[in-house]
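Work the whole structure out from these sequences, hints included.
Residue numbers for the sequence shown, in our numbering: 13 to 348.
Hints are computed from structural coordinates only; laboratory data are not their basis.
All values reported here derive from a predicted model rather than from experimental measurement.
Do not rely on the hints blindly, as some may be mistaken.
In silico DSS-like pairs for lysine-lysine, Cα to Cα no more than 25 angstroms straight-line [what the hints assert, rightly or not]:
| # | residue 1 | residue 2 |
| --- | --- | --- |
| 1 | Lys70 | Lys22 |
| 2 | Lys58 | Lys22 |
| 3 | Lys183 | Lys114 |
| 4 | Lys97 | Lys49 |
| 5 | Lys245 | Lys330 |
| 6 | Lys114 | Lys97 |
| 7 | Lys114 | Lys58 |
| 8 | Lys58 | Lys70 |
| 9 | Lys114 | Lys70 |
| 10 | Lys66 | Lys22 |
| 11 | Lys114 | Lys66 |
| 12 | Lys49 | Lys114 |
Per label pair, the in silico range of CB-to-CB distance [claimed, not checked]:
| # | residue 1 | residue 2 | range |
| --- | --- | --- | --- |
| 13 | Leu25 | Pro96 | 31 to 37 angstroms |
| 14 | Val337 | Asn116 | 53 to 59 angstroms |
| 15 | Ile195 | Pro96 | 20 to 26 angstroms |
Glycine residues also receive a C-beta, built at the ideal position from the N, C-alpha and C atoms.
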Amino acid sequence: MPFDAEQHYKNQLPSLERLATEVQFALAHALSSSGIKLHGVTVRVKDQTSYLEKIARKNYNDPQSEVQDLVGARIVCLYASDLPKLGEVVESLFEVIEHEDKVNSGPSEAFGYMSVHYVCRLPATSAGPRYEGLHGLAFEIQCRTILMDAWANVSHHLAYKGEASIPRALKRDFHALAALFHIADSHFEILAERSRRADEEAAILITETSSSASLWIDMPIDRSTVQAYLVLKMRERQAIRPVEEWAVSDLVEEISELGVETVEQLDDLLTPVLALAYEYESEYPPGQSEDDGLYLFSPIGLARTGLAIASARYASDKYPEEDRVFQDYRSRVPLN
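Written as structure tokens, this is what we have:
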């Protein structure tokens, strides 16, 4: 009896959807604590039309074993250096039966087709009724950087599946543009490393000059200097939340709108009101630790509260509904 691909797909679909759910859950849980900066994680079940088209295009003799991406996951990270880390996560979660690295082993002109592919199955340790019927099913995981993914999507929409399909008149521009994406991908990595070093240098400089705040007079505010300043200024609190980089950037823009240009000017604003900011945050607590009941103060929240107490303009712009409360706190600021 000839293989009925359409009926096979319909019979498999409930199991494929269950498998996609399991893969999504496992990846989301593991990646959330990995420290890897991600753009996104998607898991999909290949639709029937695509499945049938692939069988015909590839001229498969045994589609049941040869089609291994009926369930496919794509993990898009920011930096190429995180691709091996993603591989470690994948290998810790699943049984890897095939591995293809098109980033390091692909042709130099093929940036648009770069990714790291894993064909996997659920591990034997995934036992119990919820996994019944899923262990024999293969699925594919692709790992890419955000620029690899962007270029792959652009070339896909241009309908160029590979080198042979690109018109000769377009090949030079096509490869030149792919090269620009490759350079940008590399420079994202360089920028990330330089940003990390800037944070470290700012932390050292802020700490070394903290005994004489007047040395901060010419230190401009930016994400690195403000982040280091906040960590130093708030570190006496026992329960303090980590400083999130994106939140610091938002705060720097707000500070800049007040005309603050240096760390010294920021310190002049916050130092007189910091005790009142702690008092306000204690009266309107942001959250508590389940372990010890301590308030989990946020350096960003404390800084914003301090600015609202120090600056009527800031309070009215950012917290108009609480302006009267901040006025009361402002009346208690010690006079110089």
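Going down the list of hints, with the structure as the test:
1. Lys70 to Lys22: Distance ~21 angstroms between lysine 70 and lysine 22 Cα, so the pair holds.
2. Lys58 to Lys22: holds (12 angstroms)
3. Lys183 to Lys114: holds (20 angstroms)
4. Lys97 to Lys49: holds (11 angstroms)
5. Lys245 to Lys330: OK: lysine 245 and lysine 330 at ~22 angstroms, within 25 angstroms.
6. Lys114 to Lys97: holds (16 angstroms)
7. Lys114 to Lys58: Cα-Cα ~22 angstroms, so holds.
8. Lys58 to Lys70: holds (16 angstroms)
9. Lys114 to Lys70: holds (20 angstroms)
10. Lys66 to Lys22: holds (16 angstroms)
11. Lys114 to Lys66: holds (21 angstroms)
12. Lys49 to Lys114: holds (21 angstroms)
13. Leu25 to Pro96: 31 to 37 angstroms: holds (34 angstroms)
14. Val337 to Asn116: 53 to 59 angstroms: Between valine 337 and asparagine 116, where Cβ atoms are some 58 angstroms apart, the hint holds.
15. Ile195 to Pro96: 20 to 26 angstroms: holds (21 angstroms)
Checked against the numbered hints given earlier, the structure satisfies every one of them.
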